[in-house]
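Peer 1: What follows is each chain in one-letter form.
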Amino acid sequence: MFRKILIANRGEIAVRIIRTCRDMGIKTVAVYSTADRDALHVKYADEQCCIGPPPPAESYLKHANIITVAQLTNADAIHPGVGFLSEDSQFAEICEAHRITFIGPSIDNLVRMGDKAEARETMSKLGLKLVPGSRSTRQGRLKRGRKRGVVETEEEAVEIAERIGYPVGIKASAGGGGRGIRIANNQMSLLNLFHTAKSEAESAFGNADVYIEKWIENARHIEVQILADKHDNVVHLGERECSIQRKQQKLLEEAPSPSIGGKLRAEICKAAIKAAKSISYSNVGTIEFVVDSDDNFYFLEMNTRLQVEHTVTEMTTGIDLVREQIRVAAGEQLGYNHSDIRIDGHAIECRINAEDAQNGFMPSPGEITSYLPPGGIGIRTDSHLYTGHTVPPYYDSLIAKLIAHGRSREEAIIRMKRALEELTIGGVKTTTSLHQEILRDERFLAGRVDTGFLDDGV
Amino acid sequence: MFRKILIANRGEIAVRIIRTCRDMGIKTVAVYSTADRDALHVKYADEQCCIGPPPPAESYLKHANIITVAQLTNADAIHPGVGFLSEDSQFAEICEAHRITFIGPSIDNLVRMGDKAEARETMSKLGLKLVPGSRSTRQGRLKRGRKRGVVETEEEAVEIAERIGYPVGIKASAGGGGRGIRIANNQMSLLNLFHTAKSEAESAFGNADVYIEKWIENARHIEVQILADKHDNVVHLGERECSIQRKQQKLLEEAPSPSIGGKLRAEICKAAIKAAKSISYSNVGTIEFVVDSDDNFYFLEMNTRLQVEHTVTEMTTGIDLVREQIRVAAGEQLGYNHSDIRIDGHAIECRINAEDAQNGFMPSPGEITSYLPPGGIGIRTDSHLYTGHTVPPYYDSLIAKLIAHGRSREEAIIRMKRALEELTIGGVKTTTSLHQEILRDERFLAGRVDTGFLDDGV
Amino acid sequence: MSEDKSISLELLNEVCDVMDDRQLTEVYLRDGEVTLRVRRESQTASAPSGAPQPAPSPSASTPVQSDHVEGEFINAPMPGVFYRSAAPDEPFFVNEGDIVSAEDTICLIEAMKIFNPIQPGFSCQIVEVVVENETVVEYDQPLFRIKRT
Amino acid sequence: MSEDKSISLELLNEVCDVMDDRQLTEVYLRDGEVTLRVRRESQTASAPSGAPQPAPSPSASTPVQSDHVEGEFINAPMPGVFYRSAAPDEPFFVNEGDIVSAEDTICLIEAMKIFNPIQPGFSCQIVEVVVENETVVEYDQPLFRIKRT
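Protein chains in written order, with numbering that gives the first Met the number 0: chain A, 0 to 457; chain B, 0 to 457; chain C, 0 to 148; chain D, 0 to 148.
What the hints contain is simulated information worked out from the structure, not anything from laboratory work.
There may be inaccurate statements among the hints.
As the list claims (entries may be wrong) - Restricting the straight-line Cα-Cα distance to at most 30 angstroms, the calculated cross-link-like pairs of lysine-lysine (DSSO-like) are:
no.	chain 1	residue 1	chain 2	residue 2
1	C	Lys112	B	Lys26
2	A	Lys246	A	Lys229
3	A	Lys42	B	Lys416
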């Protein structure tokens, strides 16, 4: 087992990883930018080193500085957390070259699933459905010199739309995070929107490339937590419901999903295991699916890292995922199989962001003038806040995750409501009230959630 | 179900009860003394009313004021919490007269188990062993005009000691909380100590009465959590290990007990069920036993209320005991039996007191200049602290309960160690470091705990 | 926390004004997050105005959470319902301006169906009746603003 | 915590102004994270004159966590090991008192087996070498106290 792990991250996830390292008796090294000198992860770690100025590219993403600190502190492994370097295969290679374990999947896993087109190709060959559209075209059909899935002419657009059926989404290739999408319900609107979409893409992203995909209405975003060791043992720890999103950003997640039935659950989890096995995956990973209103499920992508929302799976399984991640990265065997895993009760996570929900979700950095997390039965808080901490403007706005666990979904919901009421954060605006609205929404209470949940207004 | 509950208590337990009321959709009324104007339970409750000055006799114990507030606020039930009025049968009678439900057992239960001599008598008749000594004498053998168990002469003392075997404890009848005890290992020391003990009792308590009891060395304090409805359904939720005490005050509790085996556990739990059934007990209750080094167990007393340490049982069973308590007080059925209850993993509670562990455990009231509870996986905090709160000098020194849950005792211990390290309480001295010492102690790690644990030094 | 440092500075200046007015040599002030200590060697400094002190001298019965109302109060000795008269059609025990003696009943507080007569315990003038008739009062809640006679 | 120390500095100056005006000998001010204690031996120093201010004028390279050392610094541009010479038996690149030009190498920082030469970027005098030879430095850690020439 590792003696010392460098955590190449910040915020609540760095604190969360340090907690498990502490539980495992492993020393920790925190790295930080000058904006994070007084951050909790810096206080909680055994050693700490400043690695650069606030911009991530010059600190948390700076390979050389992080590797240097790992070497100087004799860390034998690096945990990349979520975001930042967590899916950076080049960084994983540098770690390997320096004989430092990258706590994550193999470089091959990172490369293959990191190339989203190749990932789709791989999963399609395996028999997993992809969202139909120009990008789901097989490699063999690509013309020379053409970028995968890019639709260049009106004729192509109409042909694809006819094949997959309306409505279709025209999406900017360089877009992402939900930006640059136009929806066409019939051929006329497609012809109208095609050039608009291209010129919008050009002006917004400097790249006019667009692709066309079946627009799945009332989609549900379901993901499966995979855990695999280096000895070909793969288990899933059940699925998570992540449909409640704002601009493609997850806000509230739960496990198990209230929106799918037992049969679909079994199929999706089976597909996820098959996918992970097909690429000899190791470490924790998540396979994301969209599910349409007819319960067809489509492979979206694989995240080859820990997810922010891993906590709900921890609450329902009792398994510390960061511990398992570290164990398998160190070469240990899982030591259990599906029959040893029990999904117990229901868990919900609310992401509390420093954002002004009343004002277009503008980031709201600043000094935390008061902080009191909720407590009591069934409540877990993962946060890096403390009274007097200053939330810097340079990073992700996630400042706390509240996790409620109960024997039933109903119990988890009432406990989460209580936790949101108790939560005290002064000095910055937060998304707390938005969560309170979601938890009062009748559709939510009935488990009727989809990715359009917030579009319709809470 | 009740619409509104008045919580006749303060501190962490009042906060804890409000949390469950909120989860159940029941409105709450906080009562408080002038010393507790800014207390968290006052802030968290839906309504609040000041009932008197700081001394408990004039506020938290003042029947008339509490009943008045219950009536004025239309509360249909009163939860007495722990301590204060929780075992006060007279108060329960007043509640009944005013048609307010006392959330606790029946008045008959309170009376019969509240008279510790009668409780012993009842349990003895049921076949439960009592600690041998002058008080275990049956009613029938009592001489007229003699107080139960009081030993008046040297000859009687010697006779009893010969019968029960040395070592024996000479205890002041008016003592309690571990004060006024002398231990004699043989007849000579008994004769030496008998009169000393009597005169000490006289000067300390104004009452020279003493009784003699077998002194159980290396005793373990084991208690069984009982839950019973008004429809004759009684279950136990397993036992708790409460041996780690300082001057008869529990400091750290765990469930399950690491010091007893499966056979003894089954016997003790069976005895507890039998005891509860014999008196038609309803509501939550705890039957306390001492276990000697030969695994003989003796009935100590029954607590007809919630215990401070109920939290460890909640963590291992997933059952909210306050919720069950309220439900059965409202006349509802348990709705499950032993086969539905599963003891899952291991839980530990550390009581954090505002006391100066370096200085004879002197109370350390004062302003909380900083407060950050621990967080992350497996940790629950029950506390009424917040930054800026002033711990008044008038009440119990308990300011926070940290509860760690893990799949094994080892996991619970490492998580508790982490929680104790993270806990930040500025402005007052606390018992945190004592807990850290206990958690490092090899006897503790091996599960070898008894009531003399702290006497031998950690 | 005061985000604007000029608030502290303003406070400092105002404290200095008071020190001048009152001829103080040291002030230690603590209010929430703000703590301020100011010392001066002798009060010879500026403004020697011998303005008289307002002398707040609050009595023991002044409630802690006083809403900045000056003066002395008679507070509720128990929680209950506050009644200004013995029955709905009876006159009030006291009205503003009345002078009462120590044993006079000035109101009733009903608790558990018992109407408890409240006496001031000393002679005084009723300056103001602070609480509405027939409303619920807490322990220690100010009922009457009074002036001792 | 206030990110900009110049706010504190401004506050200090303003407090000194008040001390002058009010002839104070001591001020202790605490406001949230800011704590300030100022003392003066006697108020005779009051001198509302145009006395020249010490003018700290810190440059951008002054480290935020400065241990109250006055002056200007050259800080580490990366984490690594600080070397004062090219090899153990070679002389130091610079010594205290040396005057260096913008392009002179004044030390090496070793990171990932690469020895990165560090130049001041402007001409200056080395007033003090703050870090021990061959020790680990963080990003932004002060290495040399300097004076611009």
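Peer 1: Could you run down the list of hints and mark each one as holding or not?
Peer 2: Results of checking the hints against the structure:
1. For a cut-off of 30 angstroms, the pair hint linking C:Lys112 to B:Lys26 stands: about 24 angstroms separates their Cα positions.
2. In summary, the hint linking A:Lys246 to A:Lys229 is not supported, as the alpha carbons are separated by about 36 angstroms, beyond the 30 angstroms threshold.
3. Restraint check for A:Lys42 and B:Lys416: satisfied, since their Cα atoms lie roughly 17 angstroms apart, inside the 30 angstroms limit.
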